[in-house]
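The primary structure of each chain is shown beneath.
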Amino acid sequence: MDRRKFIGIAAGASALALAGSALPKLIGGGSGGGTEESSKTRWAMVIDPSKCLKRDGCTACVAACDKVHNIPGFHDPKHEVKWIWKEPFENAFPEQENRFTAEQFKEKPFILLCNHCDNPPCVRVCPTQATWKRGDGIVMMDWHRCIGCRYCMAACPYGSRSFNWSDPRTHIERMDPGFPTRTKGVVEKCTFCDERIARGEKPACVEACPEKAMAFGDLADPKSEVRRLLEGRYSIRRKPELGTQPEVFYLI
Amino acid sequence: MRDKGLIFGGLCVFLVAVTFPVWYNVAAGTTNKGPEPKLPAAEKECVASVDTMRTSHMDMLIAWRDQVVRQNQRTVTAFNGKTYDMRLTGTCLKCHDNKAEFCDRCHNYAGVQPYCWECHVDPAHLQRTGGG
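Which chain is which? The protein sequence lines are A and B, in order.
Our numbering puts the first residue of the first sequence at 1, with every later residue one more than the last.
Our numbering puts the first residue of the second sequence at 1001, with every later residue one more than the last.
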């Protein structure tokens, strides 16, 4: 083998090796953008609106959440702080636009909360990592670290995040010392009751629902209640076309 | 010595001015004694030795905070083999139930203002003010 041939073979081999290592990244996009850790658990919620709508004007879940998380009740809608709330079907699912929406859903309030997306845009934009995705799927908030820039609020397509424009403490009806309040200038949202899950309990809203319209469980477990419900009935999610992979399902 | 009055008068004024802080503190009853935080009567043992708590409780609380919020690690096994929940209100204030006479006494003396209480709730204070 002469010198020229050797260099040619060597160059070809290294080009092949480079392409081999870069290709999977180009095709597969890496491993989920680096936001997901491998975990055996994937928390999710399944809501059955037909059960929820049985009780007109029921706000048991909202009240339970407000109570255990010291959520302030600002009267000005611009200052509203909410973790779980109700919204008419047309606003909750704008992509389901239909001149003939079934009467059972039309203008009916749907229960909304943070979707704990698999691909959360809020996490991507947070400059301080005050919000991040846990291995078990919960999009967590670290209020110690939030600087109140509100990028996450701009990024969230579901309006799941609220900002404390003024001191929330003066607007809390009954303060529960078991859970901290927030301060002025901090963003807050639903955390799937991470503090209750750690104690082996279900989220407060799930427990409070008189119609048992909400189910909470582990998507990774094929025998879990959420998996059973999702396999048995057709379900929709909010704005799936955005690719955020919401993990709150609505049974139809 | 024509300016005797002026010189000695000036010296007197100078001495009074220089020693003013001493007299001021004597008059105000200030002493150089350190703060005396009120310890819980029933409990004899904290989550670490007294010396560690005295010098490093702030570092420990920061470590607890990060472990609970960011790592979802909620309990700690202390030096005495007991397991504690890493909670400021739930664990620390359970024994040290008088924040005003324990935390605040030292913090006021040292002139530090920890911002823990801007979010975390002191149940005793809540009871006095009737919530809200």
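Don't read these hints as lab results, they were simulated from the structure.
The beta carbon of each residue, even a glycine, is placed where N, CA and C say it ideally should be.
Possibly wrong hints are sitting among the right ones.
One side only, chain B facing chain A, incomplete, derived with CB under 7 Å [stated by the list, open to error]:
no.	residue
1	Val-1018
2	Arg-1074
3	Thr-1075
4	Val-1076
5	Asp-1085
6	Thr-1089
7	Pro-1123
8	Leu-1126
Interface hint status, B/Thr-1075 versus chain A (Cβ within 7 Å): With a closest approach of 10 Å, the B/Thr-1075 hint is violated.
Restraint outcome when B/Arg-1074 is required to lie within 7 Å of chain A by C-beta distance: holds, 5 Å
Proposed interface contact between B/Thr-1089 and chain A, which counts if any beta carbon pair is under 7 Å: holds, 5 Å
Interface hint compliance - B/Asp-1085 to chain A, C-beta minimum distance less than 7 Å: violated, 10 Å
Hint check: 7 Å Cβ-Cβ cutoff, B/Val-1018 to chain A: Check failed: Cβ of B/Val-1018 comes no nearer than 45 Å to chain A, outside 7 Å.
Hint status (Cβ of B/Pro-1123 to nearest Cβ of chain A, threshold 7 Å): holds, 4 Å
Restraint check, 7 Å cut-off on beta carbons, for B/Leu-1126 near chain A: holds, 6 Å
Hint validity - B/Val-1076 Cβ closer than 7 Å to any chain A Cβ: violated, 14 Å
The earlier numbered hints that this structure contradicts are 1, 3, 4 and 5.
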